[in-house]
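Residues per chain are reported as follows:
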Amino acid sequence: MRDLLTAYPPLVRSAALVAVTYRGRMILGVITGFFPLLTMAVWLTVVAEGGPPAGWTTGDFLSYYAAATLLWNLSGNHVVWRWDADMRSGDLSIRLLRPVHPFHQYATSDLGHRLVFLAMLVPTLTIAALLVPGLDYPADPVLLAAVAVALALAYALSLLMASTFALVGFWSTQTTNAWLLWWGLGSFASGWVAPLALMPDWLRTAAALLPFRTAMGFPVELLMGRLDPRQTVYGFAVGLGWLAVFALLYRITWRRGIRRYQAVAG
Amino acid sequence: MSGWTRHARILGICWRAAVASEVEYRFNFISNVALSMFWMLWAAAGASVYFRYTGAVAGWTNAEVLVVIGLFFALNGIRQMVLQPNLERMTDYVRLGTLDFLLIKPFDAQLLVSLRHLNVNTLLDPVLGLALTTTGIVLTGRGTSVAALASFAWMLACAVLLMYALTVAMMALAVKLVAAEELGQVSYAFVELSRFPVDLYRNPVQTILTIVPIAFLTTYPAAALLGRLDPYMLLLAPAVAACAGVLATLAWRRSLRSYAGASA
Amino acid sequence: MIEVRDLAKHFRVHRREPGLRAALRSLVRRDHHTARAVDQVSFTIPEGEVVGFLGPNGAGKTTTLKCLTGLLHPTTGTVRVLGHTPHHREPAFLRRVSLVMGQRNALFWDLPAADAFEVNRAIYGVAEAPYRSALDELVALLDLEPLLGKQVRVLSLGERMRCELAGALLHRPDVLFLDEPTLGLDVNGQAAVRAFLRDYNAQHGATILLTSHYMGDVTALARRVLVIDRGTLRFDGDLAALVEAHSPHRLVRVTLREAAPAHAWAGLGEVSTMDGAVVTLVVPRAETAAIAARLLTTLPVEDVAIEDPPVEDIIRAVFADA
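Chains as they are written, first to last, in the UniProt record's numbering: chain W, 1 to 266; chain R, 1 to 264; chain X, 1 to 322.
The following block holds chain W by itself, in its conformation from the complex:
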């Protein structure tokens, strides 16, 4: 454990170095990172034509999607593609020879990339929040501290979910497809397709119990000041619960997967 803690900072740092090496890739990442704003643009048209749906004003949509952009860029989803590529090329073997579990190798690499994006996004968002009328968040330090924890939880859960799916690669070549299916279904319950407040009741009820909201809708709603203390505690509890579930699933899948890998591939 202590070994791992000392290994994390330098590994994250070198991943951030890699990220800034490729400026073109980084700029593109920023551009595609604003895709959620397209969905927002349609909502703004809806508001302009027929008034606020379910009481959501232009300002609400602006605040929601600006924060959603942040969460979209703070997900650990990318590790699925990294695992998949390494399993296909056999480079996983190289990672297996190192005394740090591959999970942490991918995690540090991803974290380095995310931090670079955050370093660009957070100032942009802050400036936007100051300049754009209607784009507003409550400036309560306790709330912001809770949001910071919720962001960490969101990243940890998305990373762990993605890593667990990546292990499908030990049995099948359909890893990324399996992951996309899971992500696609989850996007209705996460707040990605639309804010959960605008979804049908049955879906909102289901979303409150599913893992997806933790990784997107929950921190955004928290930041917008839309959750009372009871809902906040409930949101954290659900997130932590799923974190434990996926940690367990990951461990079990890894044990079986690595045994299979050692039996046939290497």
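Here are the simulated DMTMM-like pairs of lysine to aspartate or glutamate, each with C-alpha atoms no more than 25 angstroms apart in a straight line:
#1 K150(X) with D92(R)
#2 K150(X) with E182(R)
#3 K150(X) with D186(X)
#4 K150(X) with D91(W)
#5 K176(R) with D100(R)
#6 K176(R) with D92(R)
#7 K176(R) with D110(X)
Read the hints as simulated data drawn from the structure, not as lab findings. All figures in this text were calculated on a predicted structure; none of them were measured in a lab.
Given the coordinates of chain W, assemble chains R and X onto it according to the supplied hints.
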């Protein structure tokens, strides 16, 4: 043998080889078809959320938006099937010097480099997309006419040419930047903007997308099919597509000249 | 140090005839058979020894290396390396070994070499002081100074291999496995890698097991060789003993003061080449001394040299026998 039939025959040979080498991976094919259908349902369901609160957004009903989403999947399918696999190889061509071999072949370099490889897995995507478009038309309950179908076919052909021009432009850039992965994302981002009718976005985005010209990819062909296209678009669309095609070809030739200059 | 007893690794493989019809048939019914990649292999390697691992493609060399590094789980038999069972993949084991594969890149590809080495330091948890001294030594031995600031991806194959070696040795592994470390390198690159490995073994007493297609790698580094073919161990011992056991002949190169007629060679062995006054005879190993003595008495000899046939030829003979 005339130039065109010879070119077509050579591409035919390349594509047959692509199909044969993918037979082994039939499971990929099936799972890809399933995933494409899933994404279409996903997009349709996602769009329907707006229509919980309104009957029409910027004059487009839910069924009409489905027509556009279907076209988006059809065009994106063509992009993934023909254009993307060739663009992806561009970086390797340049880095490994394969481009030299392709350029000395007695064949039009642009056609060969841009159309040689085929991603067989997405073979059905255009069909699936058009099926969704048809579903949208049926759901409007208005049907369509021969004139609308003809102008749709015309506009769709222009859209495909436009997308081809976009990809050739990306390839020209790839020769210089040697970063096909990123450029593939750029062309995807372009096409992604055509997922919804451009009218759904308000100005200034709407005007920008009309000029860029994203509107010609799906919005106008869909309008043609729905029988509400401005007739002058039937002339403007081929002009835009031809301009884009010429510009892309010029960019491609220019980058080849600079490549020849750099590698000599 | 390394103990391998009755190691076997079998794979179940799916076989299919070429063609579309066979492809369709394999949808319904798949033919499986067991491939014995490695079968009943035993050997031990003491600390500090350099051992060459020889065999044609597909003989089981890489499979054995993968069992020794824990990437593969043996089907039967036991493998112990440094007191550990490799396939348990304990960090304490992984920190003491290294595998260098000629065709694979283990360094961070996108970073300058110096930063890529830092990554390895973090992964292996090497403290600052030992890292510094290891790095300084490797930079000097492998002449890496001009490469440190360059991205690994832009290095030439030879430069990259030198960096790979350094990266693999920064944590001072006690056991070093090398799979085709000179593959694709030019003559200078091969020589540099060989010289480095010899020095490294001499200075640190690291145990080295290497596979190579190039006999030169093996003859330059290893006194002991393991020869494996179709999964079974054919030979384990001194390179010299291998030559003796599998080459019943030696070459006697005779230089005469003046050319002798062909009949003069009768009964002295088979004439392999005759180039004026220089004649090469292939003689039975046991009779080499006697024939050399007779040559000296019957012919106007200026010089006699006795040589073994090239090792490549002998290895080929070993596999031909099998």
